[in-house]
Every structure is written in C-alpha cells, then in structure tokens.
Amino acid sequence: MSNDTERHARFNQLATAYSTDLYRYAMWICGNDALAKDLVQETFLRAWKALDNLKDSGAAKSWLITILRREFARTFERKVPKFTDVDDVVVPEKSELEPDDRAEVVLLRQQIRKLAPKYREPLLMQVVLGYSCQEISDQLGITKSAVMTQLFRAREQLKGRLQKDGVTGNVHELF
Amino acid sequence: MSMNYSEFRRILGADPQSQDSEFLAARESGPEFKQAVAEARAFEQKLKTALQLDVPADLNADITSICAHPLHQRASWWRPVAVAASVLITVAAIGMAWKMNRTWDSVEDYVMDHYRADGAKVLALANAGDAFKLREILADIGIEMSAKMAQSVGFITLCPTPDGDGLHLVLNTDQGPLTVIYMPETRLGDVEDIHFNGMHAHLLSMQSGSAAVIGSEDLQLERIYTELYEALTPISASA
Chain S
1 MSNDTERHAR FNQLATAYST DLYRYAMWIC GNDALAKDLV QETFLRAWKA
51 LDNLKDSGAA KSWLITILRR EFARTFERKV PKFTDVDDVV VPEKSELEPD
101 DRAEVVLLRQ QIRKLAPKYR EPLLMQVVLG YSCQEISDQL GITKSAVMTQ
151 LFRAREQLKG RLQKDGVTGN VHELF
Chain P
1 MSMNYSEFRR ILGADPQSQD SEFLAARESG PEFKQAVAEA RAFEQKLKTA
51 LQLDVPADLN ADITSICAHP LHQRASWWRP VAVAASVLIT VAAIGMAWKM
101 NRTWDSVEDY VMDHYRADGA KVLALANAGD AFKLREILAD IGIEMSAKMA
151 QSVGFITLCP TPDGDGLHLV LNTDQGPLTV IYMPETRLGD VEDIHFNGMH
201 AHLLSMQSGS AAVIGSEDLQ LERIYTELYE ALTPISASA
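Same order as they appear, the protein sequences are chains S and P. Each residue of the first sequence is one higher than the one before, counting from 1 in our numbering. Each residue of the second sequence is one higher than the one before, counting from 1 in our numbering.
A hint or two may mislead.
As the list claims (entries may be wrong) - If you only want the chain S side, here are some residues facing chain P, beta carbon under 10 Å, derived:
1. N12
2. W48
3. W63
4. L123
Stated by the list, open to error - EDC-like mimics (lysine to aspartate or glutamate), calculated; alpha carbons at most 20 Å apart, straight line:
5. K144/S <-> E22/P
6. K148/P <-> E227/P
7. K159/S <-> E44/P
8. K34/P <-> E121/S
9. K118/S <-> E156/S
10. K148/P <-> D174/P
11. K61/S <-> E22/P
12. K61/S <-> E71/S
13. K55/S <-> E156/S
14. K48/P <-> E135/S
15. K61/S <-> D21/S
16. K46/P <-> D138/S
17. K46/P <-> E135/S
18. K164/S <-> E44/P
19. K144/S <-> D20/P
20. K34/P <-> E44/P
21. K118/S <-> E135/S
22. K144/S <-> D62/P
Calculated directly from the structure, the hints in this document are not laboratory data. The beta-carbon is built from N, C-alpha and C at its ideal position, and this holds for glycine as well.
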C-alpha cells in the first residue's frame, strides 16, 4: 500500500471514528448546526494537513478535540453565536423513555444550554466524548479536583433547575 | 475505612462511572447508597439522551472528501480570524484570507470553492444584527441596489471573485435565507447549475457580470432571477 493510500485510509478511520462525537460536541459549544459542521470540517481539514504529526493513534481523539476547541476559540473568541438549533433537534423516540421522561429531556437540553461554559464543557467531555476526569483535566488544563467539582456542580445545577422548573408544570407548553 | 455517604455522593455526582475501588465497594454498602446509585443512573440516562443530538447524514462524506478534493489541498478554506468589532469586518477578513494563493479553473469551481470556504459561516451570521454600510460596500464595486432588495439583505461583504472584487450576500427571502455571490466582472460562458454539499447553485447572467444563487434544491429561481437582475445595477447605468 502506498504512503498516500495509507494516509487516506488513516484519515478516513479518524473521520469514521470521531466525526459524530466531534459534531455533537461542536453543536453543544456553538449551538448552531451550520457553524458546528463548519467547525468539524475545519478541524478535519487541519487534521488532514497535520496528520503526519499524529504519532500515537490513541491520542487522536484528544488531538482532534484540541484542534476543534482552538478553532472555536479563534473564530468566536469575542462573539459567541446565539444558540439557535439545539431546540429544534427532536428528542429520540426511545422505547425506554416514557412521555414524562421525554419532556424532562427537552427541559434538560434547555438547562444544559444555560449552564456556564466552565460547567458545561467538562460535562460534554465526559458524557459526549467519554473522557475520564483525568483526560478532562489534561484537556482543560485544570486540576482533576477542579474537574470533579465542576462536574458535580453541573449535575447539581441541572437537577436543581429541573426541580425548580417543575417537570409537570412547564413541560406542556413545549408541545 | 469505608467511604462516607457525603463523599460517596460527591463522587457519584462528578463521575458516576468511577472505577475507584472504595467507591465501587460503597455502592453496595447500604440502602441509601443503592438508592443514590439508582437515581444517578436514571439521571445519567436522561442526560445522555439529551446530549445525543442528530448528526447530519452527509457529515462523514463531507469530511472524507476533504482529502480527495484537490481544491482543499491548495489552501485553507479560510483563515481563522477574531471576530472584531463588527461581523462585517470579520467576514471581510475571512474573505481576504481565503483569497490568498487561489486560482480557479472555472466559474463553477470558484462558486463551489467560495461557498465551501465560508458559505455556512456567513449564512449563520446573517442575522447577527450588526450594523453594516451597505451603500459604501456597493459603491466600492460600482454597484447600486434597489431599496426593496436592500431591506432583505441580512449580510453583505466584499469578496474575491475570478475577476476582481465581488459581493457575498445573504438575502432573507420568503423562501428562506439565500446566499448570493455576485461577480460584477465575470461573464458566464456555457455553464450549468451546480450541485454540491446538498446545495444547489444557479448561475445567472446579470446586467453587469454574473451571480450565483445558492440555496436548497426547491428554490424558485425565476422570481429570484428577475428580482436580482433588476436590483443590482451598475451605478452609471442607474444614475
């Protein structure tokens, strides 16, 4: 197999393995479908150009996330776009979700959007990307203890806001 | 020494999948611990579902085409720039950076390359609400726009074209937001509509030069063409 073919194959493997997670992560940090897609494509374009620098395939996910976060920061460091599209995403019709649970998920999305970035981002890394607390610590450049605190507070805030909103009180207005 | 309930709740709330041996042992150490685990599991399921947004079906294909498309290997789509005092400045800067070291084999190549470079970004910023100097921008390339169309401009910036500066516009129409790339000095030869990235680009001859209208497949072209043709005119012709 030629080097070029190997390079293409390697890139395609990265795209297949990580594009979904990266898109979801991008969507949650920028809140806009077009921008999220643009961010992911730009991330992979940069990855394609620098692919030879990736020596350890086990570090690929962190490498891509680092590129994406930098890209987002560079593009929107002074102007964070408004969340527009997350509300339009339909909650999946999973059989295990009862109607009340689906309503909770809708409310949960609204509350996730309202979380301060310092709480939202570690939570996204943990739940969407499957990062460990140590990996989040490495990625964000903060201590593991701080990560644990932010994750705990993120969940507590979400639970608190769900209770405050009253799942049965406000949900019906959404449908 | 076993983990106390308070510490257990702290770890459960931060890292429900923790493999810490003390934490794992504590999970089974009493009814209140088990109850907390059950509640956390239920919440995590909802959290996971809430965060699991749909992914565009063509995402992976678009990404894998990056390394197959020669245009993308020539230069970056756009260079990242800080969003400065106005979105206008930002997008203008994006356009200028994107222009560097670019050549195009055809108008079709140019339109696809341009839209891929910043089309989605400009479209998304179109309703940012920042003030822009429409008249000055148009005057820069010797063009005027009808008052009616000016009202529908969600965004406008100068952009490179195969033959000098042009315009990149987003129009808010009753058919939704439309991207228009206006090339005042580019004459069309034998061209066909372009389909790329799920978009449809119509190439139109204008009073001066040409334009590409980019939107969804069900775009009603005829009305847009007439409006555009009459709305964008050389300053000398309309004076």
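Report task. Would you list, in rising numerical order, the hints stated earlier that this structure does not obey? Result -> 3, 8, 11, 13, 16, 17, 22
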